[in-house]
Each structure stands twice: as structure tokens, then as C-alpha cells.
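These protein sequence lines map, in sequence, to chains A and B.
My numbering puts the first residue of the first sequence at 74, with every later residue one more than the last.
My numbering puts the first residue of the second sequence at 828, with every later residue one more than the last.
The set of hints was computed from the structure by calculation and includes no laboratory data.
Even for Gly, the Cβ is constructed at its ideal location relative to N, Cα and C.
Among the hints, a few may not be true.
[Unchecked claim] Residues on chain A that point at chain B, a partial pick, calculated with CB under 10 Å: (1) Pro154; (2) Pro162; (3) Asp189; (4) Arg191; (5) Trp204; (6) Phe230; (7) Asp231; (8) Pro235; (9) Thr308.
Below, each chain spelled out in residue letters.
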Amino acid sequence: MSNHAEAQVANNKKTEKVFSWPNLVAKEFIAAILCTVILLVYSYYVDAPLRELANPGEPENPAKAPWYFLGLQEILVYFDPWIAGVIVPSIILVGLMAIPYIDVNPKGNGGYCFRDRRFAITVFLFGFIFWYALIVVGTYMRGPFWSFFWPWETWSFDFPTPPPSVSLPNWLGIPALLIYFGLGMLVPAVAFWKFAKQLGFIRYNITMMLLLLMLGMLIKMALRLMFNVKYVLQTPWFNI
Amino acid sequence: MNLILFLIRKLTETELWKSVFRHGYTDTPRNRALQTISNVWLHLHPVKVPKHAVKIRYTWCLGGLTFFIFLYLTVTGVLLMFYYVPDVNRAYADMIDLMYVVPLGRLLRTSHRWAGHAMVITVCFHMLRVFLTGSYKAPRQFNWVLGVLLLVLTFLLSFTGYLLPWDQLGYWAIMVGTNMGAATPVMGYQGPFADLLGVKINNDVRFALLGGTQIDAPSLLRAYVWHCIGIPIISGALMILHFWRVRKDGGISGPL
């Protein structure tokens, strides 16, 4: 077979089509039935939780948000509520919506392929796992007063004395932030010049800013856990 | 046996039957196409789909399952509305009735609750699947944006349902959630720059969510109306767009 004919065959194979009825519809039908059966069987054996009547005078301890928001509640440990509850989810959502417009790599459209999209897949999977790891910690490892307990430990209601926390003085915190974001933007632009050029100025800046913010969260968490750092930046209006 | 087949044939040849069911199961390409395009429910599908698209290992059925669970929640939710009144003096008693008195009420409520959690899970993994297959790339960028909005609406649907049992679990979970809203910069009374707009506890974004300065009867009603009417309508509208765009942006993604 000539090269042309081979390409033709390969092309036909790629676009080979089958009738939706019954090839697709039958599978959807089976999936729907299986889903219903699993739901009903699970619901038959495991009751949905229902606690005592709501009582404004008697707070739950710990009071936990629904599980899918526990990642945000968990970062309340490390950030003030306006960051953990509002800014972080907003940036996550805007960042998610921006993905198709900042990822200009045309490769890997329509199939599972890591090799062609190492950067994109690594960053996305990291964020995805980060989100769920925080949920797991918030769900299973936070007891009364949001204190940390391993899953095999019994919860105690003693209020643990919080370790004395220190805030970075601004003369240290502001330069540290400037260096982190400044170098974070500059170094990859130089080290991965081809990548940065491919993205273009605006896309590169948005991408790196989102990445640095995500990693910055992790760094702040590490600073808190290792050195009890409370804030890295203090202003009369807000602290970070 | 022959008699049964004879009766079935007689039945399916009647004018009444044919007026309802236009096409039989004749295995011809024309009939298979007609099965899809002349059926209002099935015509969401194209007549033909790429062969790789019907592989379970490509989509894992996640988008379809999410939509199916949404339908399941709609049906069970409507049934639950027959038994549940969003009034602080009744809501919890209605839950107890559902659990112990209403026939199949326990299964109804429990499966509605687990289905809500299941939908959050399937929608998250649908997003992961779409990302890993690069399906958000041109020309499907905008449909990904719609998908992110639907993800948020799924969270909100589940979150507003959380308060409805009016038990300790829901009450304090909503307390945690809406207190975060109070910390919104500029628009929440505990957030930075709140005094810029003169935002206080009785006119901030938390107040708008709760219908008051604390979780009380108006909050329950608001959660109920958003949960049963407001958000489902918005989600439904966005789902129409989402599915429409799947077809219009070139059908399901595949190797270029």
C-alpha cells in the first residue's frame, strides 16, 4: 500500500462512525439503570444523616460545612475568612474558566495523552488532588475546635493551647512577597523562553500568576505548620 | 407462543399503535437513523457518533450520569415536596414523618440526599475527564466555561438543600458557609473595606442570603425556593446551552 492509501485508511478509521441507536443509547440506558440500582441499594442500607432539631443556642462542635466545601473551611486555619471563603474560591473559578483561553497548546485534543501536555496536566492534577486532600483532612482529621486528630485517634474536647504564632514584620514580609512573585514571574520566562513566547505576554502572566497563587497557598501553609507564621503581610485594612 | 406473536403483530399493526410509535425495530440504516431523529428525547444525539465516543473508557459516562442524576433528583425532589413544608415549626417534624411514617419516605429522602452527593462527585470527575482528554480546546472553549458555571450551580444546589432538614447538621453547616459570606471584601460586614459602602450586618451579602441577621424562618424559605425553583431553572437553562454547544461545536471531542 502506498503512503497515501495508508493515510486514507488511518483517516477513515479515526472518523469511523456508528449509529447512536443502539450503540450509544443502549450504553446510556445501562449506565442509567446501574446508577439507579446502586443509589437505591445504597440508600436502603445507609440512612441519610438527620441530627437533632436545629438549636441556635447549642453550636455543633466541630461545625462543619458540607464536605465539598471542607477544603475551603480547612484553609481557614491558614488564612483569614475573606481569603479562604471568598477570594480563593473566586480565583479557582476564574482560573478554571480561563483554562481554555490560556492553554494554547493544540495537542492532546480528544484523547488521554500526558506526553504532549506535561505542564497542563501536572498543574491541573496537582490542583485537583490538593482540593481533595484538603477535603479529606477537613472531613476525617478535624475534631472539636477544629483541632487536628489522626483518623485512629479519639476526639477530645480539651481546648488545646494554640502555639504562639508570629507574624513576619512587614520589612521582611513585603520584600519576601515581591521576591516570590517577581522571581516567580521572571525566572520561568527566562528558563523556559520558548514556552513563554508560545503563550504570549498576557497569557504567560495570567498562567504564572494563577500558578504562583496556588503554590503560594501551599507555601503559606508550610510556613504556618513549620514556623507558626500567622501573617506575611499586615496592613490596617487586611492581613495576608 | 405463536398466538402471542400473532397478537403482538396484530397490535403493532393497528392505527392507534402506529400513530404513537412511528418506527419499529427493523434493522436498516434508515430505520436506525429515524429512531434517533424522530424521537424528541433521543434527538439530543446525533444519528451517528464516532466509534471512539461510545467506548466507556473515553467518557466513563460521567456527563450523562450527571444529567441522569439531576433528573433523578428532580423526580425524587418533586415527590419530597408533597411531604415537606419549609416552615421552621414543621420542617423537622416533616423529616421525621418522611423517615418513619410516609410509605417509602425513608428511601425517597435518603436516595435524594445520596444522589445529591453523587452528582457533586460525578460532575467533578466529568470535569477531570474533559480536562484530561483536552476536550476544552478550540473550538470548545466556551462550553468548558459553561461547564464550570454548572459545577458551581451543582455545589449551590447541594448547599441550599443542606439547610432544609432544619437539623443541627444543616443549621451549623449553613452557619459556617454564610459566615464566610460575611467576610466578603466590600460587600460583607466582616470583610475588609466594609465601611467603604457603609455595609453593616443588616444590609450585607450575608443578610441577602439569609433574609435576616441570623438563620431563621426567612433563611429556610430562601434556601427552599433557591433549591427547588431558582437554581434548578438556571441550571436547566445552562444545561440546554451546554448540550446544544456539544453538538454545535463539532460533536463529542476526538482525535484530530
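A quick look at each hint next to the structure:
Taking 10 Å as the C-beta cut-off, the interface hint given for Pro154/A holds, the closest approach to chain B being about 4 Å. Checking Pro162/A against chain B: minimum C-beta separation of about 9 Å stays under 10 Å; hint holds. Annotation: Asp189/A was flagged as interfacial toward chain B, and the flag holds, the nearest CB pair being 8 Å apart, inside 10 Å. Among the interface hints, the one on Arg191/A is violated; its C-beta lies about 13 Å from the nearest C-beta in chain B, farther than the 10 Å criterion.
With 10 Å as the threshold, the beta carbon of Trp204/A comes within range of chain B, its nearest partner Cβ sitting at about 9 Å, so the hint holds. With a cut of 10 Å, the hint placing Phe230/A at the interface with chain B is violated, because the nearest CB-to-CB distance is about 16 Å. Checking Asp231/A against chain B: minimum C-beta separation of about 21 Å lies over 10 Å; hint violated. A distance limit of 10 Å between C-beta atoms decides the matter here; for Pro235/A the minimum to chain B is near 19 Å, and the interface restraint is violated.
The beta carbon of Thr308/A comes within 9 Å of a beta carbon in chain B, closer than 10 Å, and the hint placing it at the interface holds.
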